[in-house]
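These protein sequences, in sequence, are chains A and B. Letter by letter, the first sequence follows residues 1 to 499 of the working numbering. Letter by letter, the second sequence follows residues 1 to 317 of the working numbering.
What the hints contain is simulated information worked out from the structure, not anything from laboratory work. Watch out, some of these pointers could steer you wrong.
To be verified - Computed spacing ranges between beta-carbons, pair by pair:
| hint | chain 1 | residue 1 | chain 2 | residue 2 | range |
| --- | --- | --- | --- | --- | --- |
| 1 | B | F224 | A | E311 | 24 to 32 Å |
| 2 | A | E231 | B | V116 | 38 to 46 Å |
| 3 | B | A70 | A | E311 | 52 to 60 Å |
| 4 | A | A106 | B | Y47 | 28 to 36 Å |
| 5 | B | I43 | A | E134 | 39 to 47 Å |
| 6 | A | G105 | B | S166 | 46 to 54 Å |
| 7 | B | I242 | A | R65 | 32 to 40 Å |
| 8 | A | E250 | B | G163 | 28 to 36 Å |
| 9 | A | E134 | B | P71 | 53 to 61 Å |
| 10 | A | E250 | B | A70 | 52 to 60 Å |
| 11 | A | N315 | B | L176 | 20 to 28 Å |
| 12 | A | R143 | B | I242 | 56 to 64 Å |
The beta carbon of each residue, even a glycine, is placed where N, CA and C say it ideally should be.
Here's the letter readout for the chains.
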Amino acid sequence: MKRRRFLTATAAASVMGMTGTVQGQQDDTYLQAARSIGFDQNWQQRRIQAASDWPMEQRMDVPDRQQDTTWTGTGSFQSAPWEPPEGWQDTIAGEVDSIQILNHGAANMEFDPATLATHELFEEKTGITVEPLEIGVDQANLREQQFLSAQQGEPQVMNVDGPLTPVFVQQGFLEVVDPLYTSEMWDSYIPALRSLVEWDINPRLEGTHQYGFPNIAEGTVGNLRPDLVQEQDIDPSRFDGEWSWDLLEEMMQAFEGTDVFGYAYYAGNPVYLFYSFRQLLYQQGGRLVAEDGTVQVDTGPARTVLQKMFEWRDNGWVPGDVIAYGEGDLIDLFLAGRVAYADAFSDFVPRSLEQYEADTQYRAVQPPMANTGPDPSQASLVAPNCTAINPFADAAQKVAGLIYGDLRLSYPSQWWEFTYEGNLSFMDKVYDDAAAGDVVQYGDVLGNAVDNGVLELFPQQQAIFQRLTDPFQRAITGEISAEEATAQGQEFIDSALNQ
Amino acid sequence: MASETRYRAPQTSFGRLKRRVSAFANDHIRALLLGPTLLALVIIFVYPVAFLVWSSLHTTLGFGLETQFAPTANYQQMLSDPVFWNAVEKTLIYSFGSLLLSLSVGLVVALALDKVVRRRVRDVYTTLLLLSWAVPLSIVGVTWRWMFNGQLGVVNKILLDLGVLSSAYSWLGNSLSAMVIVILADSWSRIPFATVIMLAGLQAIPREQYDAAKIDGATTFQRFRHVTLPYLRPSFFVAGLITWMFAFRAFAIPMATTSGGPAGATEVLAIYIHRFGIQLTDYGFASAVSMFLVAVTLVVAAVYVNVILVQIQEIEA
Numbered sequence: 001m002k003r004r005r006f007l008t009a010t011a012a013a014s015v016m017g018m019t020g021t022v023q024g025q026q027d028d029t030y031l032q033a034a035r036s037i038g039f040d041q042n043w044q045q046r047r048i049q050a051a052s053d054w055p056m057e058q059r060m061d062v063p064d065r066q067q068d069t070t071w072t073g074t075g076s077f078q079s080a081p082w083e084p085p086e087g088w089q090d091t092i093a094g095e096v097d098s099i100q101i102l103n104h105g106a107a108n109m110e111f112d113p114a115t116l117a118t119h120e121l122f123e124e125k126t127g128i129t130v131e132p133l134e135i136g137v138d139q140a141n142l143r144e145q146q147f148l149s150a151q152q153g154e155p156q157v158m159n160v161d162g163p164l165t166p167v168f169v170q171q172g173f174l175e176v177v178d179p180l181y182t183s184e185m186w187d188s189y190i191p192a193l194r195s196l197v198e199w200d201i202n203p204r205l206e207g208t209h210q211y212g213f214p215n216i217a218e219g220t221v222g223n224l225r226p227d228l229v230q231e232q233d234i235d236p237s238r239f240d241g242e243w244s245w246d247l248l249e250e251m252m253q254a255f256e257g258t259d260v261f262g263y264a265y266y267a268g269n270p271v272y273l274f275y276s277f278r279q280l281l282y283q284q285g286g287r288l289v290a291e292d293g294t295v296q297v298d299t300g301p302a303r304t305v306l307q308k309m310f311e312w313r314d315n316g317w318v319p320g321d322v323i324a325y326g327e328g329d330l331i332d333l334f335l336a337g338r339v340a341y342a343d344a345f346s347d348f349v350p351r352s353l354e355q356y357e358a359d360t361q362y363r364a365v366q367p368p369m370a371n372t373g374p375d376p377s378q379a380s381l382v383a384p385n386c387t388a389i390n391p392f393a394d395a396a397q398k399v400a401g402l403i404y405g406d407l408r409l410s411y412p413s414q415w416w417e418f419t420y421e422g423n424l425s426f427m428d429k430v431y432d433d434a435a436a437g438d439v440v441q442y443g444d445v446l447g448n449a450v451d452n453g454v455l456e457l458f459p460q461q462q463a464i465f466q467r468l469t470d471p472f473q474r475a476i477t478g479e480i481s482a483e484e485a486t487a488q489g490q491e492f493i494d495s496a497l498n499q
Numbered sequence: 001m002a003s004e005t006r007y008r009a010p011q012t013s014f015g016r017l018k019r020r021v022s023a024f025a026n027d028h029i030r031a032l033l034l035g036p037t038l039l040a041l042v043i044i045f046v047y048p049v050a051f052l053v054w055s056s057l058h059t060t061l062g063f064g065l066e067t068q069f070a071p072t073a074n075y076q077q078m079l080s081d082p083v084f085w086n087a088v089e090k091t092l093i094y095s096f097g098s099l100l101l102s103l104s105v106g107l108v109v110a111l112a113l114d115k116v117v118r119r120r121v122r123d124v125y126t127t128l129l130l131l132s133w134a135v136p137l138s139i140v141g142v143t144w145r146w147m148f149n150g151q152l153g154v155v156n157k158i159l160l161d162l163g164v165l166s167s168a169y170s171w172l173g174n175s176l177s178a179m180v181i182v183i184l185a186d187s188w189s190r191i192p193f194a195t196v197i198m199l200a201g202l203q204a205i206p207r208e209q210y211d212a213a214k215i216d217g218a219t220t221f222q223r224f225r226h227v228t229l230p231y232l233r234p235s236f237f238v239a240g241l242i243t244w245m246f247a248f249r250a251f252a253i254p255m256a257t258t259s260g261g262p263a264g265a266t267e268v269l270a271i272y273i274h275r276f277g278i279q280l281t282d283y284g285f286a287s288a289v290s291m292f293l294v295a296v297t298l299v300v301a302a303v304y305v306n307v308i309l310v311q312i313q314e315i316e317a
């Protein structure tokens, strides 16, 4: 009996050892092949500069979203300036026929047309078929955790919800994609990209590595009703360019006694409370993640945010209901003409323009900077998702996934995301060109907002925001002081993150 | 002999199989009839409850996919969490508030309906009343949320137009009024059920009892106090028990109306469980709180049923 048990244990250990060895060999093969391609050579010309010669009339020859189901017949698709790096076909990726990509939702003309364009361009240029696996984001989070925990090799490429990225990196669930990036590359992209994909928290690897490439991004932008502020004798041009909380508070006061509010924020649930909280924190130059990597909320700027939120509500400058505002409430209020200025994600701009006349009734502006804090700036909030490679996938398909990543980092993919689908672009040049060609209304404002966008992600972020909601809401309603709220929050964070 | 030959199954393999199946069915008729029901019970009740117990004894790691046996950890965490006790307090206020309102209003409406002489008219009233019961609870919550919206709600609009309010009141932004509103919304959806149960109870009271009390000189209130209420007690308790049990476990209305806010003022236990189980995927902890919820409900139900049985015996005696 003992002998049988010993043999069983030995066999199991051997299998596990072999699996580990195979995985290690796969990693080596993948990285060797990836490095041999030379993604970092000529990247600027291939991904960005080639677009300088992309004629605007061809770019704008796009499909009809209501009728067409593919991009392949359009001028924009056929002239798209991206080529995979030379020599990729001589590597193991040359043997790949197809890759499966988990997309958050349907990658079709109705719901995700820019992703469809990218998939089709990838197929056209590489001959590798894309098999989309379409799962809504909420379900996808759990499904990804399941197949990655089971070390399943499919899908080979997957979209990853932004806040989950560090969680997955910590668990060794995302493949390193270092060959895609070079240090000088970051200047061409919005700062949030680096915050999203670059991590040093993988317990299996030392140092800083990159773990993904762009998927989609949202960013906050200011939404102003110039006609309403004009009625209160405030010149709407004061909101152009640089402005601060001084003007915000002046506007709030100006609307006192009317049935319109100057400003409103979200405080109704953990997700939305922390949209408003973080934005007001970043506008002072405050941060949640300190330089030593610890998460800190018991700080001056954090206390200032809670104090301001309390004062504005207590003074009646914002609706008392803000404490119950979640998704949609603020938007409804703005569209009902009951609030003159509100921060919202950029996809709200086209919706506002459907209802209000541009410039006279509605204007997208950069959010204000704080009038206090260590480093006030007109910061906005960026909420991106990334696309990453499954570390348990076959080495050849992982290399094919990198080529897909190269396309995701390219100008045409980012151009379509911004100009056709209305998502934010990860690439700065797209905003400049869109503004120069007057392709997207308020495109320059969106570009500036996202350029000043701050992204902070840390492990257990959602759980921490959940637990912080209670003391923070109590501070906003005046039940406890801002100092007490941040101290309670910090106590929880320290125990949860063991810091 | 001839008849024996006529009824004997043919000596084929199918015939033999048929006979065996028939004999097995005759011998195991109870198991065959009850089996599917018992199996369904095991699948939809026993297994989930057993899994709930198992889950509550394990701490959850990594999105609920990995667990670690720690039989007391979740319960210790639950009992030491002040937010949990806040949720218990809010649940008791919410459930007893809803119970009180729905039973008292339900009784008044049932008494009024009982006085309607024409049966067809009474049926129309009852049907109309039941419509509010048919509205899905989440829709009830959203409707009340919009009615009491501080800026765009119809309640503030009416009160401002009537001059009752000088400025818009933030009903859902205030802890006390938010709790009152979710209780009102909950009881609004439960009043029809209480009414129907009590109307049935009222109609079962023998008319002779009222006639006898009237001959003895009893006033209307005395007839209500000494005839109606004692006879109505079982209906009252049945309606009360069921209403309270649903209100104690309520999720849809408080979630859709206030999401548990402001600042946890309406965070009942079901929302607390949702927060940990669904939003944070801490299934172990959420299961422990669910066990608490189930245990309290069962204890109260047992006490209530006992009281009802005693009362029925008293009436029968």
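So, going through the hints one by one against the coordinates:
no.	hint	result
1	B:F224 - A:E311: 24 to 32 Å	violated (55 Å)
2	A:E231 - B:V116: 38 to 46 Å	violated (56 Å)
3	B:A70 - A:E311: 52 to 60 Å	violated (44 Å)
4	A:A106 - B:Y47: 28 to 36 Å	holds (34 Å)
5	B:I43 - A:E134: 39 to 47 Å	violated (30 Å)
6	A:G105 - B:S166: 46 to 54 Å	holds (48 Å)
7	B:I242 - A:R65: 32 to 40 Å	violated (51 Å)
8	A:E250 - B:G163: 28 to 36 Å	holds (31 Å)
9	A:E134 - B:P71: 53 to 61 Å	violated (41 Å)
10	A:E250 - B:A70: 52 to 60 Å	holds (56 Å)
11	A:N315 - B:L176: 20 to 28 Å	holds (21 Å)
12	A:R143 - B:I242: 56 to 64 Å	violated (38 Å)
Violated hints, in rising order: 1, 2, 3, 5, 7, 9, 12; the structure is consistent with all others.
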